[in-house]
Amino acid sequence: MRPFDYLRAESPDAAVQAAAAPETMFIAGGTNLLDLMKLEVLAPARLVDITRLDLGGIEADGDGLRIGALVPNSDLAADPRVRRDYPLLSRALLAGATGQLRNKATTGGNLLQRTRCYYFHDRDTPCNKRTLGDGCSAIHGVNRNHAILGTSEHCIATHPSDMAVALRALDAELELLSPNGSRRRVALADFYCLPGDTPHVENILEPGELITAVILPAPVGGRQIYRKVRDRASYAFALVSVAAAVRVEDGLIAHVALAFGGVAHMPWRDGAVEGFLQHQPPSPALFAEAASRLTAQARGFGANDFKIPLLQRTLAAVLAEATEVTA
Amino acid sequence: MNITLRVNGESHDLDLDPRVSLLDALRHHLHLTGTKKGCDHGQCGACTVLLNGRRINACLTLACMHDGDDITTIEGIGADGLTPLQQAFIEHDGFQCGYCTPGQICSAVGMAEELRQGWPSHVTDDLTADPELTRDEIAERMSGNLCRCSCYPGIVNAIRQSLGEQA
Amino acid sequence: MKRHAKIDGPQTDRRLDGMAQGVLGQPLDRPDGPLKVTGRATYAAEVRLDRMVHGVLVRAPRVGTLNGFDTERVRGMAGVLAVLTEGLPRNSAQGAIAKSPPGNEGKAQYVGQPVALVVAETLEQATHAAWTLEVGIMPSIPVINPHAAPTEFPEKKQRDLGDLEAAMAEAAATLDETYHTPTLSSAPMEPHASIAEWDGERLTLHGAYQMLKFNRKQLAEALGIDPSAVRVLAPYVGGGFGSKLGISAEAVGAALAARMLGRPVSVVMHRRQVFEMTTRRSQTQQRIRLAADVDGHLLGIGHDALVSNLPGETFSEPVQQGTDFNYAAPNRKVVHEVARLNLIACGSVRAPGEAVGVTMFEVAMDEMAHRLNLDPVEFRLRNIPDHDPLDGKPFSSNMLAQALTEGAQRFGWRHQPPRSRREGEWWIGTGMSAAVRVNMLTESEARVTLTPEGRAKVETDMTDIGTGTYAILTQIAAEMLGLPVAQVETVLGDTDLPPASGSGGSFGAASSGSSVYLACLEIRSQIAARLGIAEEDLTLKDGHAIHANRTIPLSQILDAPITTEGHVEPGDSGKIARNATYGAHFAEVAVNDVTGETRVRRMLGTYACGRVLNVKTATSQCHGGLIWGIGMALTEELIHDPRDGHAVNRDLAEFHIPVNRDVPDLEVYLLPERDDWANPIQSKGIGELSICGAGASVINAIHAACGVRIRDLPATPDKVLAGLMQIES
Ligand SMILES: Cc1cc2nc3c(=O)[nH]c(=O)nc-3n(C[C@H](O)[C@H](O)[C@H](O)COP(=O)(O)OP(=O)(O)OC[C@H]3O[C@@H](n4cnc5c(N)ncnc54)[C@H](O)[C@@H]3O)c2cc1C
Ligand code: SF4
Ligand code: FES
Ligand code: FES
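Chains as they are written, first to last, in the working numbering: chain X, 1 to 327; chain D, 1001 to 1167; chain B, 2001 to 2729.
Isolated chain X, as found in the complex (with noise of 0.2 Å):
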């Protein structure tokens, strides 16, 4: 680890103008950024800690849930109301790293950890999202837990968390402060960017701006449904996941929200699919159709083609459990 000053905030203001200086980075749970600052490949100047600040609660909002960015994942997990009203997010938590790592985890920390790509966790291999122009390695590379969906040419890699797909599929929005003191809400549907381009931007964050807070709207109930498939039974990276909240009335599809993990630079959602299923009367030949809807523009490099078929399959097996109609 190189060399760093440490600062504590004692309040949100006072640690955005502290993370607006350059090479500045905000530390809370610290399980993703210790991991990468270890090996070199983050190498900040300074690191504000924001753990003592008063973001930690978890409050009604309206209909919703307003749940602080220092709320660790465990708390979020076991959260009666969360179990109640969003099972999908308890369940993607608990389906995400281990015991000890969810009771450091953040809610903020959680959504910004990097990729687990393996080239980027490694300073001595290529990779655009570390340097942009280097070359990507995986793209010829070992690339089987890898991107199918919206990559680029320049990186491949993909958002690994779990539970920020399910929030994706609860159409969740977060709270932002900026070192200028303004506050701004922004839904986590434009909040990451795909690679493109520029692979080391990965979302609108603002230099030195703050998540102060995840705001769920009012519950959707139906079936709530997060299903990863992984190398182990416990304790891995998904392969694929799928985040499902459907609700069937009258034999056909009320609601349907459906968001994807593992196989995009951040959580898939494809709202041409979900108006595809809207209205329908559930079959296994819809759920065929919508899956391969899903991926007519997922393209595979090699190691990871597998997730094309698997990720198919994988929707179509929720979406029948989602609405109890099988083959």
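These are computed hints drawn from the structure, not numbers from a lab.
Just so you know, these numbers come straight off a predicted model, no measurement behind them.
Built from N, CA and C at the ideal position, the CB exists for glycine as well.
All clues given are correct.
Pairwise CB distance ranges (calculated):
#1 X/Gly62 to D/Asp1126: 23 to 29 Å
#2 B/Pro2034 to X/Asp61: 51 to 57 Å
#3 X/Gly181 to B/Gly2424: 52 to 58 Å
#4 D/Arg1006 to X/Asp61: 35 to 41 Å
Residues of chain X clear of chain D, computed beta-carbon distances all greater than 12 Å:
#5 Gly181
#6 Ser292
#7 Gln297
Here are a few chain X residues that face chain B, going by a calculated C-beta distance under 10 Å:
#8 Arg2
#9 Pro3
#10 Leu39
#11 His121
#12 Asp122
#13 Ser137
#14 Arg232
#15 Ser234
#16 Ala236
#17 Val240
#18 Ala303
#19 Phe306
#20 Pro309
#21 Leu310
#22 Arg313
Start from chain X and add chains D and B with the ligands according to the hints.
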């Protein structure tokens, strides 16, 4: 940086490089080597300690972030005679080389509290009900503690026995 | 007094069966347990020394000729005391040899090779300085594809008996398939660590090592000093599985730096370095041919293997070691080919050879049973040889039939066609495999002291890497000397003590145990002599000698402690008879029809390993083997980059060893056996047998469940899914 850590009930004033992880503060500065380093990246659980009662990976946090915090390490568990959990680990041969063991035990202590609080896990069927002390629940909740000697059967049985007795 | 035995033939007196204490074989709790569950057992990096500083190794980022380091800049960094760029080995020493590991000859021969050591006052300073050091390399093109590499055919590893080609041409049923296993890693939980301190010309190394008497010599040669000037201490070792057989760069680096600085130096490998700088299990390609008659009797066996290692390394994964004697067949051919690659060095990993060789062979046997329409248990039973099929030697004992039969019965084995059981999305199936593993005895010495108060001390430089050495040596001495186990203390892991076999190749317990047995036998003889009786007529129990209805406390027989030494050496026994261990594995798996994910639902193993010294620790060893089998079958693979061969997933998040939740309830049965040919305690190795073929039972169960045959390990969801989709279309 000057900080105070309360470790196993005792306060320690330390002057540390901000880069020192909580794990290295324990091992190198307080000479509490019971907490192990298996990966230094949150991947193995060997460094599990209780931070204000909750289990965490001591390798992935900075000591300077824990000024005033309460830390329990393996040295603080069973200091005046083995706890039933530690005894059960011995009886069920829940270890071989013993390197992951302090982490397993601290993790099990933290996990027991999580169960008592009614926290669900990935294998809990009904999210709104209190979880039960099943084999699968223990195995799932202990999956952040790797054991290459592969003592998982003994670990599960030891925890099951000691928690079952308490229940 | 020293009692020496060279094992030239069967040891039929079975003295241990005549003892009275009744502790041997019992499920004794590990004497080291209380220390381990309280964190008080101290491992290599945990010794506290004044003025100690920290060293961090630096890897080669590419392959080529080393041409300079920017040492000046790094020497100027905060806290940096030294930058060492000479004298580090290219790779770890192999096990059980007295030679130092090879130097690097000015080259980086594989990505990840240790090329420098940076030492600083604190670990944080040394770590950052090590990251900063630039390694100058004139790149060359690495050879990483075994099919495009220079290869060698070691003469001793080829076999050609009868005419396999003719047998294949004439047989009623044949199989000719090619299988692959990936690079695997030991991944012990304790990273390789050494603390070196010099006292004048004498070096003490606190090291995480398995075979101390060799480690001392390896280190002495690497440093150019006499072995007698080196003391290695390893009272507790956090797992080894082969990776700590021979010394690695951290030991040499720590010793060199400590000598240079005149201060103790600690060097602990980073987890990523453990994957790269210690040894791996070679990837293998295995072509297996089987020819059988209509009744399922094998006529021919062919097993060709392509493995790899760095140029100059003598070790080559002995894939076909078990094929020499597993099944009968008059026509046999084995081709063993070693490709010389610029990849991480290969060495012994738990059960070198059989772990991957028996596993893939047992998959082939399953395929063949299906072709013959035979129950796979029955197919194996029909082909058990009654003597060594290569040269006609007798078996010291062959318990394969009992292991298969007993295992099948306890598991509730029922042979069913594939895809006959389904629960929701999950296909359920069961599979089995046989286990075989060569058994060895190696030279070992121990010292035992018995006091008049009835306390005994066992001393040897043997290690306990989790294998239960503290427990079993304590039990052997307690049994032989008639003492409660609490009265026996076992001291290990110090080269100042008599040199032992070390922990490796599953020979540790039997070899070091035999030396303790011999030392105790000598004590018994001395006691018997004092009583004027024959040793055979002496009963020792609970600190008393019992003879002719008289019970005499030891204090009345001894006026001073007796100290003896035991020394066992292999002789002709292993040459006259084929020594091996046998077992069988059974597994039930569920395979998800949607995703190709596999979960093991239950697993059972039956094993025969001669006399069981401690049923609890032996069972734990077997659990370990079964779980390694699950990992090998389903998740473990160290992936090499296709361009420069570096290990991309060299950490514990992405190199997937099984986690707790991957492991179901396991059942282990140890069959009663005494193998007189093995050694004076009639005991054989168990730590490795249970991994030999375990993975095959899982792979075979996947086939039974869903009809997908995996020939390329591990059976990750992508591969199973491809098979499922093929069946669907
Ligand atoms: C071994 C391992 C396995 C894992 N497995 C999984 C898994 O299966 N699924 C999964 O989803 N995740 C997994 N994770 C990732 C884990 O969930 C993240 O590390 C964690 O959520 C990050 O949260 P944190 O609070 O520790 O973030 P930190 O490490 O503190 O911060 C991460 C980033 O966010 C920034 N940041 C933090 N908080 C804020 C804020 N409020 N405002 C602005 N910026 C902020 C930091 O500057 C930093 O750049 C795993 C991690 C490890 C180490
Ligand atoms: S996929 Fe993205 S993160 Fe990975 S090497 Fe390529 S540019 Fe870097
Ligand atoms: S050392 Fe902290 S998790 Fe491995
Ligand atoms: S006991 Fe050795 S790693 Fe768990």
